[in-house]
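Novice: What follows is the residue order along each chain.
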Amino acid sequence: MQRIGVFVCHCGTNIAGTVDVKAVAEALKSEPGVVFSTEYQYMCSEAGQNIIKNAIREHQLTGVVICSCSPRMHEATFRKTASAAGLNPYMVEIANIREQVSWIHKDMKAGTEKAIILGRAAIAKVSLNAPLIPGESPVVKRALVIGGGIAGIQTALDIADAGFEVDIVEKEPTIGGKMTQLDKTFPTLDCAACILTPKMVDCAQNEKIRIYSYSEVSEVKGFVGNFTVTIKKKARYVDELKCTGCGECTEKCPQKKVPNAFNLGLDNRRAIYIPFAQAVPKVATIDADYCNMLKNGKCGVCAKVCGAGAIDYKQKDSFIEERYGAIVVATGFNPIKLDAYEEYGYKQSKDVITSLELERLMNAAGPNGGTLLRPSDKTHPHTIVFVQCVGSRCDDGKGKSYCSKICCMYTAKHAMLIREKYPDTEVYVFYIDVRTPGKNFDEFYRRAVEEYGVHYIKGMVGKVAPQPDGKLLVQGSDLLADEQLRVEADLVVLAAAIEPDKTARSLGTMLTASMDTNDFFTEAHPKLRPVESPTAGIFLSGVCQGPKDIPETVSQAGAAASKVIGLLAKDKLTCNPCVAHSDEMLCNGCSACEKVCPYGAITYSDKEFRGPNRTTLIRRVASVNDAVCQGCGACTVACPSGAMDLKGFSNSQIMAEVDAICK
Amino acid sequence: MDRETNRVREQVLRMSGVNVLKCMRCGKCSGTCPSYEEMDYHPHEFVYMVEKGEIDKLMASESVYKCLTCFACVERCPRGVEPAKLIEAVRLEMVRKQGQNRLKPDRIPALLDEELPQQAIVTAMRKYTK
Chain A
1 MQRIGVFVCH CGTNIAGTVD VKAVAEALKS EPGVVFSTEY QYMCSEAGQN
51 IIKNAIREHQ LTGVVICSCS PRMHEATFRK TASAAGLNPY MVEIANIREQ
101 VSWIHKDMKA GTEKAIILGR AAIAKVSLNA PLIPGESPVV KRALVIGGGI
151 AGIQTALDIA DAGFEVDIVE KEPTIGGKMT QLDKTFPTLD CAACILTPKM
201 VDCAQNEKIR IYSYSEVSEV KGFVGNFTVT IKKKARYVDE LKCTGCGECT
251 EKCPQKKVPN AFNLGLDNRR AIYIPFAQAV PKVATIDADY CNMLKNGKCG
301 VCAKVCGAGA IDYKQKDSFI EERYGAIVVA TGFNPIKLDA YEEYGYKQSK
351 DVITSLELER LMNAAGPNGG TLLRPSDKTH PHTIVFVQCV GSRCDDGKGK
401 SYCSKICCMY TAKHAMLIRE KYPDTEVYVF YIDVRTPGKN FDEFYRRAVE
451 EYGVHYIKGM VGKVAPQPDG KLLVQGSDLL ADEQLRVEAD LVVLAAAIEP
501 DKTARSLGTM LTASMDTNDF FTEAHPKLRP VESPTAGIFL SGVCQGPKDI
551 PETVSQAGAA ASKVIGLLAK DKLTCNPCVA HSDEMLCNGC SACEKVCPYG
601 AITYSDKEFR GPNRTTLIRR VASVNDAVCQ GCGACTVACP SGAMDLKGFS
651 NSQIMAEVDA ICK
Chain B
1 MDRETNRVRE QVLRMSGVNV LKCMRCGKCS GTCPSYEEMD YHPHEFVYMV
51 EKGEIDKLMA SESVYKCLTC FACVERCPRG VEPAKLIEAV RLEMVRKQGQ
101 NRLKPDRIPA LLDEELPQQA IVTAMRKYTK
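Chains as they are written, first to last, in our numbering: chain A, 1 to 663; chain B, 1 to 130.
These are calculated hints, taken from the structure and not from any lab test. It should be emphasised that the depicted structure is a prediction, and the values quoted were computed from it without experimental measurement. Hints may contain errors.
Said to hold, decoys possible - Chain B stretches covered by chain A per the calculated footprint, using a threshold of three residues with CB under 8 Å from any CB of chain A:
no., stretch
1, 20-30
2, 36-44
3, 78-86
As the list claims (entries may be wrong) - Beta-carbon label-pair distances, calculated as ranges:
no., chain 1, residue 1, chain 2, residue 2, range
4, A, 339, B, 7, 41 to 47 Å
5, B, 21, A, 219, 43 to 49 Å
6, A, 261, B, 34, 36 to 42 Å
7, B, 97, A, 480, 33 to 39 Å
Heads up, the beta-carbon is just placed ideally off N, CA and C, and yes, glycines get one too.
Here chain A stands alone, though its shape is the one from the complex (with noise of 0.2 Å):
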């Protein structure tokens, strides 16, 4: 016979005021099953958490329920309370009077009434909980960082710093990321390189990082603490622990016309490449679309030059497998093709270009070593345009919903930069809002129009028209002054969107880590859990979870490194218990379960089971695996023979509260 405790809180006048506490405390008095009832002030205060202590010794209650705030609240201080007058703390039950009752009701009467129907419904819950062990997982002390931008490399060199292992999967040959391919940064107009190369060479010299560049992640089995991923290491054609970096293959190539992705197609480079002059591991790549000797087995010529040996034109895609207790997601971005926008012509004139081809036309490791020169006929452009918004905050279908946050300063930065170097230069920004939030954001971009004098029109660009002189006519809206704008300009830059890459999707498949509409990471609590997925052991870090700068990357990744680094200084997991189990004698073998599981919780096995007449026969049933499931109970409501069901939140005891209510 179950023997319950009722305790009531007040919280002050947040309940009391508008639940008659004590009404309610002597009504629940006469459930079956209630041995104790009682009110106080506030429950959750040391005394009151010895009120209920001492009601469990003196009363021998097996079951608790009180009538309080939010279990989000204090569920884990009541259970506490419980667990130290030795019961069970899953033995304990909470229903919702403030939250549920007082702060949405304003009549005494009603919320009075309804209080004592959700107690019921607690006590008759209470009534048939059982007690539950929290199981224990243990933990692979070593972590994955999944891309190699400055978001992974912060958050690599951060996990290092405290002595754990890491690995980092690059796509690319080099880690790096966007942030290689910028020439200044924003608000300090420092150069990117120069405050980033630094800790690309700290990854690399650092013992607990392992790089693996132009690799992928291919699979991913395992759950939280415990993972093992496949890694694909594409073949490169150069035997990474042999090459030099000394650059004598990428000079003799004879293959000089491939388009340079580093330079954004803008110049040409080898077929065998090293990606820029700082590139971690500086390691050579063959890019087998161009190279001759892959293609049809003439040339040969980087096998000859290379004095270390390290061309190995029989290499061949390699699978590695290792073990993690945490992956951290920082796959970053790409702008958006602009193909959608015809009416700003980037098709049509290599003089319009994206800000990202901006940065490397005026890098100086650049196509033009620096000089700022239109792509189309190499002069100096006297006249630029900036377009912001290209394919932000579009809601027509071509562009994303979303405002890309980034562009508004880098576009600052860039209209400075070249009216600092080339002062006879004009330069027209069209703008919808200036959105700077950011420390010294606003001062800087304030700056860009008081000092530097460049011309911010309200107004968005209709359309961009290339003319026979090689100009390129520019007609937009200057809504303050209520006209029509046409500038004839040289060069046109367009802020084009950014969206998370394109291994993101399936990448989020693969983690069964869950992701919004634009494919960005979704977050497992929008303000209190920014850097964690709702998937256990997934972390977040960088432009893959949402728009952002560098500053608040870099503290992204610092955050989501400091979660790897709590979940990895554990030796075991404990596992919540409330979580999904099958009773295997009515399991189906459907799979529906499986199917709807959003975390991969769910396997399925033959097994063994004695028939009649001493006979064996083999079933396939479902198993759920304890550490992985989150409880979130969508398998119960999917198996058609009932065979699922969550400890803590089972079909009966939910049934029975509903019961409670409809009495």
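Once you have looked at the hints, place chain B on chain A.
Specialist: Relative to chain A, chain B alone:
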């Protein structure tokens, strides 16, 4: 907004199928409009004026007839607001009132020239008459 103003506004919104609240005031419609210089009220103002219920002002404006119905604003609006459809609706609201035809259909033959494509004649009929 008085009742009659609101009725006309609702009518224009219903006929055009446009949600004026989607406008983010970027002005791309006016930036792209080939008839901009001819107009007294410009496409972006059209959207805002309908939002405020100033349909009377629009009906009295030349802009209603200067719009070429080229749909550049519809094609390029980043928010899918479709200003040209609003102008078309205001025009319809005009011609629905008796005696408000901009042109009498029998005047059209005299205005035609050889070069004018057939499509333009049909468009003109649609725009100026009921």
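Novice: The hint says 41 to 47 Å between residue 339 of chain A and residue 7 of chain B; measuring C-beta to C-beta, is that right?
Specialist: Holds, at about 44 Å.
Novice: Is 43 to 49 Å respected by the C-beta to C-beta distance linking residue 21 of chain B and residue 219 of chain A?
Specialist: Hint holds: Cβ distance 47 Å, inside 43 to 49 Å.
Novice: Kindly confirm whether 33 to 39 Å is satisfied by the beta carbon distance between residue 97 of chain B and residue 480 of chain A.
Specialist: 35 Å, holds
Novice: If you count the residues of the stretch 78-86 of chain B with a beta-carbon closer than 8 Å to a beta-carbon of chain A, do you get 3 or more?
Specialist: That given contact holds, which follows from 3 residues of the stretch 78-86 of chain B lying within Cβ reach (below 8 Å) of chain A.
Novice: Are at least 3 residues of the stretch 36-44 of chain B within less than 8 Å of chain A when you compare beta carbons?
Specialist: holds (count 4)
Novice: Within the stretch 20-30 of chain B, is the number of residues with a Cβ closer than 8 Å to a Cβ of chain A three or more?
Specialist: holds (count 8)
Novice: Just to be sure I understand the hint, the distance between the Cβ atoms of residue 261 of chain A and residue 34 of chain B should be within 36 to 42 Å; is that true here?
Specialist: Given a distance of about 39 Å, which is inside 36 to 42 Å, the answer is holds.
In the structure shown, no violation is registered for any of the earlier numbered hints.
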